[in-house]
Amino acid sequence: MAQSDPISVLLVEDDAGARANIAAILSSAGMRVEQAEDGPTGLHRAGSGGHDVIILDRMLPYLSGIDVVTRMRVAGVGAPVLMLSALGRSEHRVEGLESGVDDYLAKPFEPDELVARVRALWRRASQRGSHDPVLLFGDLECHVKARTAFRQGRHLPLSPKEFELFRYLMDHAGEVVTREMLLRHVWKLSFDPQTNVVDVNVGRLRRKLEEGFDSPVLETVWGTGYRLIARTEPASA
Amino acid sequence: MPKPGLFRSVFGRVTLSALLVSLLSTLALYLVVRQIVDNDGRAMLARGVDTDLAGLADIFVSGGHAELQARMADRFAVHRQDGEQVWYLLADANGRRMAGNLDRWPAIAPEVSEARFVALPGGERMFARATRLGPDARLVVGHSDHRGRALQARLAMAFATAGALIAMFSLLAGHFAARRLRERVEAVNATFAAVRAGHIEARALAVGDSDELTELAVNTNAMLDQVERLIQAQRAVSDQTAHEIRTPLMHLDTRILKAMEVTQDEVLLRTLEQSRAEIRGVVRLLDSLLDIAGTQAMRGDLRGLAEINLSDIAENLSDLYGASAEELGIGFHARIAPGILFRADPMQMMRLLSNLLDNGFKYVPSGGNVSLELTAGPRIVVQDDGPGIPLADRRRIFERYVRLDGAPDGGHGLGLSLALAIAERHELSLHVEDAAPGARFVVQPEEGS
Numbered sequence: 000m001a002q003s004d005p006i007s008v009l010l011v012e013d014d015a016g017a018r019a020n021i022a023a024i025l026s027s028a029g030m031r032v033e034q035a036e037d038g039p040t041g042l043h044r045a046g047s048g049g050h051d052v053i054i055l056d057r058m059l060p061y062l063s064g065i066d067v068v069t070r071m072r073v074a075g076v077g078a079p080v081l082m083l084s085a086l087g088r089s090e091h092r093v094e095g096l097e098s099g100v101d102d103y104l105a106k107p108f109e110p111d112e113l114v115a116r117v118r119a120l121w122r123r124a125s126q127r128g129s130h131d132p133v134l135l136f137g138d139l140e141c142h143v144k145a146r147t148a149f150r151q152g153r154h155l156p157l158s159p160k161e162f163e164l165f166r167y168l169m170d171h172a173g174e175v176v177t178r179e180m181l182l183r184h185v186w187k188l189s190f191d192p193q194t195n196v197v198d199v200n201v202g203r204l205r206r207k208l209e210e211g212f213d214s215p216v217l218e219t220v221w222g223t224g225y226r227l228i229a230r231t232e233p234a235s236a
Numbered sequence: 000m001p002k003p004g005l006f007r008s009v010f011g012r013v014t015l016s017a018l019l020v021s022l023l024s025t026l027a028l029y030l031v032v033r034q035i036v037d038n039d040g041r042a043m044l045a046r047g048v049d050t051d052l053a054g055l056a057d058i059f060v061s062g063g064h065a066e067l068q069a070r071m072a073d074r075f076a077v078h079r080q081d082g083e084q085v086w087y088l089l090a091d092a093n094g095r096r097m098a099g100n101l102d103r104w105p106a107i108a109p110e111v112s113e114a115r116f117v118a119l120p121g122g123e124r125m126f127a128r129a130t131r132l133g134p135d136a137r138l139v140v141g142h143s144d145h146r147g148r149a150l151q152a153r154l155a156m157a158f159a160t161a162g163a164l165i166a167m168f169s170l171l172a173g174h175f176a177a178r179r180l181r182e183r184v185e186a187v188n189a190t191f192a193a194v195r196a197g198h199i200e201a202r203a204l205a206v207g208d209s210d211e212l213t214e215l216a217v218n219t220n221a222m223l224d225q226v227e228r229l230i231q232a233q234r235a236v237s238d239q240t241a242h243e244i245r246t247p248l249m250h251l252d253t254r255i256l257k258a259m260e261v262t263q264d265e266v267l268l269r270t271l272e273q274s275r276a277e278i279r280g281v282v283r284l285l286d287s288l289l290d291i292a293g294t295q296a297m298r299g300d301l302r303g304l305a306e307i308n309l310s311d312i313a314e315n316l317s318d319l320y321g322a323s324a325e326e327l328g329i330g331f332h333a334r335i336a337p338g339i340l341f342r343a344d345p346m347q348m349m350r351l352l353s354n355l356l357d358n359g360f361k362y363v364p365s366g367g368n369v370s371l372e373l374t375a376g377p378r379i380v381v382q383d384d385g386p387g388i389p390l391a392d393r394r395r396i397f398e399r400y401v402r403l404d405g406a407p408d409g410g411h412g413l414g415l416s417l418a419l420a421i422a423e424r425h426e427l428s429l430h431v432e433d434a435a436p437g438a439r440f441v442v443q444p445e446e447g448s
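These protein sequence lines map, in sequence, to chains L and U. Residue 71 in numbering that gives the first Met the number 0 sits at position 72 of the first sequence, and the numbers go up by one each step. Residue 213 in numbering that gives the first Met the number 0 sits at position 214 of the second sequence, and the numbers go up by one each step.
Bear in mind the hints are in silico, worked out from the structure with no lab data behind them. You can trust all of the hints, since none of them are fake.
No farther apart than 30 angstroms at their CA atoms in a straight line, the calculated lysine-lysine pairs in the DSSO-like style are these:
no.: 1; chain 1: U; residue 1: 361; chain 2: L; residue 2: 160
no.: 2; chain 1: L; residue 1: 187; chain 2: L; residue 2: 207
no.: 3; chain 1: L; residue 1: 160; chain 2: L; residue 2: 207
no.: 4; chain 1: L; residue 1: 144; chain 2: L; residue 2: 207
no.: 5; chain 1: L; residue 1: 187; chain 2: U; residue 2: 361
no.: 6; chain 1: L; residue 1: 160; chain 2: L; residue 2: 144
no.: 7; chain 1: L; residue 1: 187; chain 2: L; residue 2: 160
no.: 8; chain 1: L; residue 1: 187; chain 2: L; residue 2: 144
no.: 9; chain 1: U; residue 1: 361; chain 2: L; residue 2: 207
Label pairs and their calculated CB-CB ranges:
no.: 10; chain 1: U; residue 1: 403; chain 2: L; residue 2: 195; range: 20 to 30 angstroms
no.: 11; chain 1: L; residue 1: 143; chain 2: U; residue 2: 342; range: 33 to 43 angstroms
no.: 12; chain 1: U; residue 1: 342; chain 2: L; residue 2: 99; range: 20 to 30 angstroms
no.: 13; chain 1: U; residue 1: 298; chain 2: L; residue 2: 145; range: 46 to 56 angstroms
no.: 14; chain 1: U; residue 1: 240; chain 2: L; residue 2: 15; range: 20 to 30 angstroms
no.: 15; chain 1: L; residue 1: 99; chain 2: U; residue 2: 239; range: 22 to 32 angstroms
no.: 16; chain 1: U; residue 1: 426; chain 2: L; residue 2: 15; range: 42 to 52 angstroms
no.: 17; chain 1: L; residue 1: 5; chain 2: U; residue 2: 227; range: 45 to 55 angstroms
On a predicted model such as this, the values are computed, not experimentally measured, just so you know. Built from N, CA and C at the ideal position, the CB exists for glycine as well.
Start from the sequences and build out the full structure, keeping to the hints where you can.
Structure, rendered in structure tokens:
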């Protein structure tokens, strides 16, 4: 997605290899990356402001990631924080999220998943306060208050959960949304069930979005998740 | 745990035993004293009776029949101040009365000069001795025992009063001593209760007399310190294990990704993608193992648990799995009672339900049925009409890495172990039974909790 002003990311990670790798992933996704190798440095750089998203490793020398978040919040830094961690158990995820972290990603992760999470955080932060009653993307419409969905002006009969799934995808239209993001935001699950329940539920939604229409709108990003796509030629709307 | 009643409390029992011992010793003392007084009284009576009898016998020998009758009459005329009374009977060889104030010869043998207590027709009692005065005369002399009986009554009264006082004092002393001890033991018990309720930092107060109870408090605290250290060590070890294994795996994954970027070779790409999938498998295995260990360590630890609406969680999951069921051609039925509240970790309860549902869906062929039922208790039943679980395996399937024959690929056989660990953490039990056909997994409160 084209952005005149690239997303600015502060990356705090002590492992040099991982830091270079993450910075490369973000840069190739068109983001501007500033790096720090420990907690105090990260805290200092965050204080100078100007970051859209902060990525923090959980286990940092001198100051743990959770301590850094706490101090940043006290210092008035409002940028959303994505915590990266080698501790991936759901218990740790919950603990991280409760400590004021906005999102939590366990290592190792898919590069696409990292990019998707950073974009989602940035979008949520930049939309804060705006409550569009109608979300529009391509020929899709999501009426948030009325909880109804339309494609090309035709009403789509969605179940309540399907609507929530659709709304989350519309909130992140054009971006990759991972299974973990859907599980967490639509079903409030911070773990991955053993069976492919997400794929099945998304598959049902896809049928409702696409059956009877001539073009696909929900694409599977192999190994990562899903993305709503608009037709290459602008819709008539 | 409810407080034990008076008879079950060790302090109540100690107090009651002290009371019983003091009452029994008072009773024993009373019996001994009464025996001594009885013996002494009897000896005194016997002396009086014997002196009297000897005097009368002398008179009979020296003065004969008439003299004896005259002297006996003299003695009857004396009215004694202390109310004591004398009885005499002079009889012939056949026991017929010749003189005296007794009508009939009492059951005393004169041939052997027998002496004993004899009951009189009026209900009175006398101590009497009989003797033969000659071939056709015999004499019995008896003295009443008013003084001895009065003494015994006073003795009984004195001991009863003393016994009551001793009982009262021992009850009071026992009560206060027991109360002090009970307070100290209860302080230790309260510490354990606090630790169970999640305050691992709670410690017993170990001050005051350096007696066994102080020692108990000190030992309690030492043990709790050790438990706290173990919990921290367990966390540290699992965190470090996760970190030390995940970090190199991430580097490995990055390297594979870089290699994939520079090759167009389809076969190589597939192999590399498989390697990445295996890395993910290792990470999942590690997470599951650490989740099980972490959950088992939290058994009975109620920290961070809040009242949650289990019905909402079950509804949410049945929505998620319902779609899956339709897709797989499996009938899914959810019967969820509304408003079931339970003190639990919500994410873990979701995990428990989800693991049981995953398990059901894995083993049921297309066309089969899976059901989820939630009722008050809470009681959770996940049932399928698949092949079921052989009797021999119904305990084994909850062990780690156990996968039954015919299990679909994927998974490490840890799902049910984690489900069991989660149930037990929340003082719930999990077992499987025969649903004929199929398997029925039942989660319900542990017996006795």
